[in-house]
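Colleague: These are the residues of each chain, in order.
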Amino acid sequence: MSDTINLIIDGKQVFVPPGTTILAAAREAGIEIPTICFHEATTSNALCRICVVEVEGSRVLVPSCVANVSEGMKVQTQSERVMRSRRTILEMLESTVDLSDAPEIQSMITEYKAEPDRYPQAKSRISTPIDDNPMYLRDYAKCILCWRCVQVCAEDAQYTYAINFSGRGYDTQISTFYEIPMPESTCVFCGQCVGVCPTGALKPKRQWLMELGRTPDEIMDLTRSERRNRRRRVEVPSNEQA
Amino acid sequence: MTDFDLTPLKAVMGDYAPQGRTALLPALYAAQEIYGYLPEPVAAEVARSLNVPLVEVFGVIDFYTMFYREPVGKTVIHVCNDPACTMAGSEPILKRLTQHLESLSPENPNYQTVTIERAPCLGLCEHAPTALVRGKPVGLSDVRSWEEMLNGETRQLEAKVGGTIRLLTANCGQGYTLTLRQYEARGGYTAYRKALTGSPTTVIDVVKAAGLVGRGGAAFPTSVKWEGTSRAPGTEKYVVCNADEAEPGTFKDRVLMEDDPHTILEGLMIAAFAVGASKGYIYVRGEYLRPYQMMKAAVQEAREAGFLGENIFGSGFKFDIELRRGAGAYICGEETAQFESIEGKRGFPRVKPPFPTTNGLFGKPTSINNVETLANVPLILRMGAEEYRKIGTEKSPGPKLFCLSGDVAHPGLYEVPFGTTFRELLFDLAGGVRSGHSLQSALFGGAAGAFALESHLDVRLTFEDLRAAGLPLGSGVITVFDETRDMRDICLRLAQFFADESCGKCYPCQMGTQRQVEIIQRVLDGQILPADWDRLQDIGWTMTDASLCGLGQTAASAVLSAMKHWPHLFQTPEALAQ
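From first to last, the protein sequence lines stand for chains A and B.
The opening residue of the first sequence carries number 1 in this note's numbering; numbering runs sequentially from there.
The opening residue of the second sequence carries number 1001 in this note's numbering; numbering runs sequentially from there.
These are computed hints drawn from the structure, not numbers from a lab.
Hints should not be assumed to be uniformly reliable.
[To be verified] Counterexamples of contact, computed for chain A against chain B with all Cβ distances above 10 Å:
1) Ser-44
2) Glu-56
3) Arg-84
4) Arg-87
5) Leu-137
6) Gly-200
7) Glu-218
8) Thr-223
[Claimed, not checked] Restricting the straight-line Cα-Cα distance to at most 20 Å, the calculated cross-link-like pairs of lysine to any residue (SDA-like) are:
9) B/Lys-1352 with A/Cys-190
10) B/Lys-1074 with B/Arg-1048
11) A/Lys-113 with B/Trp-1541
[What the hints assert, rightly or not] So the derived list for chain A, only partly shown, Cβ under 7 Å to chain B, looks like this:
12) Leu-47
13) Cys-48
14) Arg-49
15) Leu-61
16) Met-92
17) Thr-96
18) Ser-124
19) Arg-125
20) Pro-129
21) Ser-166
22) Gly-169
The beta-carbon is built from N, C-alpha and C at its ideal position, and this holds for glycine as well.
Using the sequences and the hints, build the whole thing.
Modeller: Structure below.
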């Protein structure tokens, strides 16, 4: 096996080591392929499909974040089929999720000329923000189901297993065990899920309160008393048992 | 929260605990059997016993429709909602049943003990309209009284089998399940005995020479799969029999499993020998309770007869089979989703490559074959490749099972050689379109298929001829529609099926199946918006091109084919006028 793979991306000769993904090879060559669910620190699941490219000889489009390069491969990152899929995925996303806190996806919408409100009368993900702990807020109306939070909570980082999925298909949502409040779950409040969330569906509580116009002093008071209450609540049953 | 007596659950969990996570679905079934549903403390105890994170147990429960988080009635009735059953009138029957149940007085034993659910195709299409009552198949048109049905006193549905040849179905449609002894008396297990005296390579060579390709829908060469698994590095390898038959309109595997389970077992045993696997799984869809029981009994017989176990026939070959029941998820028919399900997870399909032949079940080399494919294997070994190839055409050798249902005079399972025309199958064998009606269309390949028209009647049913005609063979489904049927309604049902069954992993299918339903609902309601045609095309092609697995890639196939045949149905009056 040779230690360099030679392929053509958008007509450009590219040389990369074997085992390189098409996405990485394209970046190497200065060709930008958009991504949504992809994150350097999490396992790639190729689920948003925004990074699909057209590979000569392949019946369907190929997710560049996981597909490896091969010798003589011919890749088009902007073909008509690719552009149609990207635009449609963005338009469907726009009709499903509140993207107001997702600037990266918003700029993709502009770049791919995705039409806002392309899908009228569409059922969107409506959910009331869940404010059940002093550290972060969960607003699943803004969730794009990129899976990053579930992954970092599990084997990709923390091994905490506080969150997984409820429902399936369009009605999938991130959830705790039987939707119990976060403090009753195995969550250790490490904050990694909040850190990898790309759309503001998970937001630090302080940031949320600031956005609501609360002053830093008010926020300090609020979260402090919340933490104190929480500690007391946990202690009570253990005293009773004793 | 702990007003549940967990003692009975703890008593049975010991059977599952040593297996760990892979026993999750069986353990949840066992728990549900005790409590009727799966409340939080029960799920927590299962999680503890199997050492699986709580939230992942929850994720699994909520993925599969046959696991219940909330209490359900003692009797659960699944009424089939697919095209064949609704065309035969399942909707009005459902309405009458609901009214009957609502009218019951509190003294009636069935008062508030029944839960009715609309189900995806139950694989009983030749008996349409149908339902499952506590798992038992019921032909709704034979029901004389609701009491009789609720008490489980309805007659057992027998397979309707026909065709011009009876090779795969030689033992089917006789009204009973062949026992191991009966199967052996008819020459059964001779292929297995013979295979074990030779080498795995010889078996693969015969299957290759016979030109066998997968009958589950993808038509992938069986020998290539086996060779790949056999050559893959590693000593731990698996074979899986995909009996998760759930493509709307398909019931062939059900008939094979119910009537002739040993043929399938023999095929799986030979496959295991060919690839070097010592463990096999049979994954039967959750709705197929009776086929599951038949297969389970057959495995037990085979084990007792020494056909499974250590050193089989003194050859040194060792093999055993474990049965698994799905729990209501069409996606688990997709091979990698099926592995996930056997491993005790949500049925999310995996990214391919890597392929199952190198990274399959439990990450090990795995060969997964459809029931009908495996049923061909003993036949090929008994006949020899040369004789086998005399059946069918050069490029599509062998016999093929077709499931005919809908507006056809004699719905049923038909076995014919590849190359039989659609006309011969429909008119000569199945009696044509139901009396007094004419053919409007037929859906080939199920929900994931495409519509054929009268002009396709003389197409020969082979892989090559159908491909040329732009039709899929799929798993051999042909659902017939006469001139009275509203194709928009059929499209809506197919679209709804995919929206219900999408796993939700990849964006094109997760959102596309939902948007597709919304637009086709407008089409059916006569509320088409000006750009709905373009929207449906964009969604359809995006799902086809960019979805992660075969479900999403075919979720728009029937709709796109309907748009091609009947464009006027999908356009606004203004657009049509132009």
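Colleague: Each of the hints needs a verdict: does it hold here or not?
Modeller: Verification of the supplied hints:
Listed as a non-interface residue, A/Ser-44 fails to keep its Cβ farther than 10 Å from every Cβ of chain B; the least gap is roughly 8 Å. For A/Glu-56, the condition that its CB be more than 10 Å from all CB atoms of chain B holds, with the nearest at approximately 15 Å. For A/Arg-84, the condition that its CB be more than 10 Å from all CB atoms of chain B is violated, with the nearest at approximately 6 Å. The claim that A/Arg-87 is not at the interface with chain B is violated, since a C-beta of that chain comes within 10 Å of its own (minimum 8 Å).
For A/Leu-137, the condition that its CB be more than 10 Å from all CB atoms of chain B holds, with the nearest at approximately 19 Å. Chain B leaves A/Gly-200 outside its interface by the beta-carbon criterion, the shortest separation being 18 Å against a cut-off of 10 Å. Even its closest Cβ contact with chain B, about 34 Å, leaves A/Glu-218 beyond 10 Å, as expected for a residue assigned away from the interface. The Cβ of A/Thr-223 lies farther than 10 Å from every Cβ of chain B, with a closest approach of about 26 Å, so its non-interface assignment holds.
As the CA atoms of B/Lys-1352 and A/Cys-190 are separated by approximately 33 Å, the hinted pair breaks the 20 Å bound. As the CA atoms of B/Lys-1074 and B/Arg-1048 are separated by approximately 27 Å, the hinted pair breaks the 20 Å bound. Distance check on the hinted pair: A/Lys-113 and B/Trp-1541 sit about 18 Å apart at the alpha-carbon level, within 20 Å; holds. Checking A/Leu-47 against chain B by beta carbon gives a least distance of about 5 Å; that is within 7 Å, so the hint holds.
For A/Cys-48, the interface hint holds, since its Cβ comes within 7 Å of a Cβ in chain B; the closest pair sits about 5 Å apart. Using the Cβ-Cβ criterion of 7 Å, the hint placing A/Arg-49 at the interface with chain B is satisfied: the shortest such distance is roughly 4 Å. Because the smallest distance between the Cβ of A/Leu-61 and any Cβ of chain B comes to about 5 Å, under 7 Å, the interface hint for this residue holds. With a least beta-carbon distance of about 4 Å to chain B, the hint placing A/Met-92 at the interface is held under the 7 Å criterion.
Checking A/Thr-96 against chain B: minimum C-beta separation of about 5 Å stays under 7 Å; hint holds. Against a cut-off of 7 Å between C-beta atoms, the interface hint on A/Ser-124 is violated, since the closest Cβ of chain B lies about 10 Å away. Given the 7 Å rule on beta carbons, the hint for A/Arg-125 is violated: about 10 Å separates it from the nearest Cβ of chain B. Look at A/Pro-129: its Cβ only gets to about 20 Å from chain B, farther than 7 Å, so that hint breaks.
Interface hint at A/Ser-166: satisfied, since its Cβ lies 5 Å from the closest Cβ of chain B, which is below the 7 Å cut-off. Restraint check, A/Gly-169 versus chain B: the minimum CB separation of about 4 Å is within 7 Å; hint holds.
Checked against the numbered hints above, the structure breaks hints 1, 3, 4, 9, 10, 18, 19 and 20 and satisfies the rest.
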